[in-house]
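Q: Generate the whole structure from the sequences, applying the supplied hints.
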Amino acid sequence: VIYVLTHDSIGLGEDGPTHQPIEHLASARAVPGLNVFRPADANEVAEAYRSALLNPKQPAVMVLSRQNLPTLDRTNLGPANGVAKGGYILKEARGGEAECILIGTGSEIPLCLDAADILDSDGIRTRVVSLPCWELFAEQDDEYREHVLPSNIPSRVACEAASGFGWERWLGQKGTFIGMNGFGASGPAKKLFEHFGITAEAVVAAARTLVGK
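Under my numbering, the first residue of the sequence shown carries the number 342, and numbering increases by one thereafter.
In case anyone wonders, no lab produced these hints; they're calculated from the structure. Hints are supplied without guarantee of correctness; some may be wrong.
[Said to hold, decoys possible] Label pairs and their calculated CB-CB ranges:
(1) H536 x Y344: 29 to 35 Å
(2) G538 x R415: 26 to 32 Å
(3) G374 x K532: 36 to 42 Å
(4) E438 x T359: 43 to 49 Å
(5) G528 x K554: 31 to 37 Å
[Said to hold, decoys possible] Below 20 Å or equal to it, Euclidean Cα-Cα: the simulated EDC-like pairs (lysine to aspartate or glutamate) are:
(6) K532 x E542
(7) K515 x E487
(8) K398 x E388
(9) K426 x D483
(10) K515 x E440
(11) K426 x E480
(12) K515 x E438
(13) K426 x D482
(14) K532 x D455
(15) K554 x E438
(16) K532 x D356
(17) K426 x E484
(18) K398 x E476
(19) K531 x D382
(20) K426 x E476
(21) K531 x D455
(22) K398 x E480
(23) K531 x D356
(24) K554 x D463
(25) K554 x D455
(26) K554 x E542
(27) K426 x E487
(28) K531 x E542
(29) K426 x D382
(30) K554 x E440
(31) K554 x D461
(32) K554 x D458
(33) K426 x E388
(34) K531 x E355
(35) K532 x E355
Because the structure is a prediction, the values reported are computed rather than measured. Every residue gets a Cβ at the ideal spot worked out from N, C-alpha and C, and that includes glycine.
A: Below, the structure written as structure tokens:
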């Protein structure tokens with residue numbers, strides 16, 4: 342069974358908090374045996390479907406965004422087939438080993454990429470990890486998970502326009518979550534993201550604090 346869910350965040354906009362999911366991702370991820378996919382672009386959607394179809398005995402949820410999202414230019418980014426492993430390195434740090442890692446899903450991936458460009462330009466070597474399916478990523482062997490999220494890089498910022506419940510699993514003790522701590526509000530999506538501090542600038546500030554630069 343594949344469930345397709347839309348309107349996945351405060352990006353829903355003017356309908357206000359009664360229509361904006363906050364805790365739903367955390368709730369879905371708590372369901373045993375359910376693969377929850379929150380893809381970042383059209384290519385990740387296709388790969389998520391492929392993964393779900395190749396696992397017919399395991400139900401899957403496609404959590405999709407209402408707002409228009411860009412199809413990522415993969416020229417200098419990791420291939421979308423990394424979705425099959427639940428998470429993958431989308432963008433590697435410039436100029437050496439990463440000092441911090443930005444982790445995102447869905448509509449917040451472009452925001453993480455923008456933040457990484459700013460940080461790299463400021464001399465903070467930054468990796469971006471797309472983590473569309475926690476369940477599949479957790480099933481990977483220790484070597485792969487350590488490759489994507491090395492334990493020697495504790496400076497991590499996760500960004501998701503939803504409740505942060507459960508993110509500590511991937512952030513560790515030192516990481517910072519950028520997202521929702523309460524219910525939403527009515528207004529244009531862009532203004533809501535700014536109002537709740539879900540911006541590239543907020544991610545950059547959190548990363549700088551963690552790295553100490």
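Q: With reference to the structure, classify each hint as holding or not holding.
A: We went through each hint and held it up to the structure:
no. : hint                    : in the structure
1   : H536 x Y344: 29 to 35 Å : holds, 30 Å
2   : G538 x R415: 26 to 32 Å : holds, 29 Å
3   : G374 x K532: 36 to 42 Å : holds, 39 Å
4   : E438 x T359: 43 to 49 Å : holds, 46 Å
5   : G528 x K554: 31 to 37 Å : holds, 34 Å
6   : K532 x E542             : holds, 14 Å
7   : K515 x E487             : holds, 17 Å
8   : K398 x E388             : holds, 18 Å
9   : K426 x D483             : holds, 12 Å
10  : K515 x E440             : holds, 13 Å
11  : K426 x E480             : holds, 8 Å
12  : K515 x E438             : holds, 19 Å
13  : K426 x D482             : holds, 10 Å
14  : K532 x D455             : holds, 18 Å
15  : K554 x E438             : holds, 16 Å
16  : K532 x D356             : holds, 14 Å
17  : K426 x E484             : holds, 13 Å
18  : K398 x E476             : holds, 15 Å
19  : K531 x D382             : holds, 18 Å
20  : K426 x E476             : holds, 9 Å
21  : K531 x D455             : holds, 15 Å
22  : K398 x E480             : holds, 16 Å
23  : K531 x D356             : holds, 14 Å
24  : K554 x D463             : holds, 9 Å
25  : K554 x D455             : holds, 18 Å
26  : K554 x E542             : holds, 15 Å
27  : K426 x E487             : holds, 13 Å
28  : K531 x E542             : holds, 14 Å
29  : K426 x D382             : holds, 16 Å
30  : K554 x E440             : holds, 11 Å
31  : K554 x D461             : holds, 12 Å
32  : K554 x D458             : holds, 16 Å
33  : K426 x E388             : holds, 10 Å
34  : K531 x E355             : holds, 11 Å
35  : K532 x E355             : holds, 11 Å
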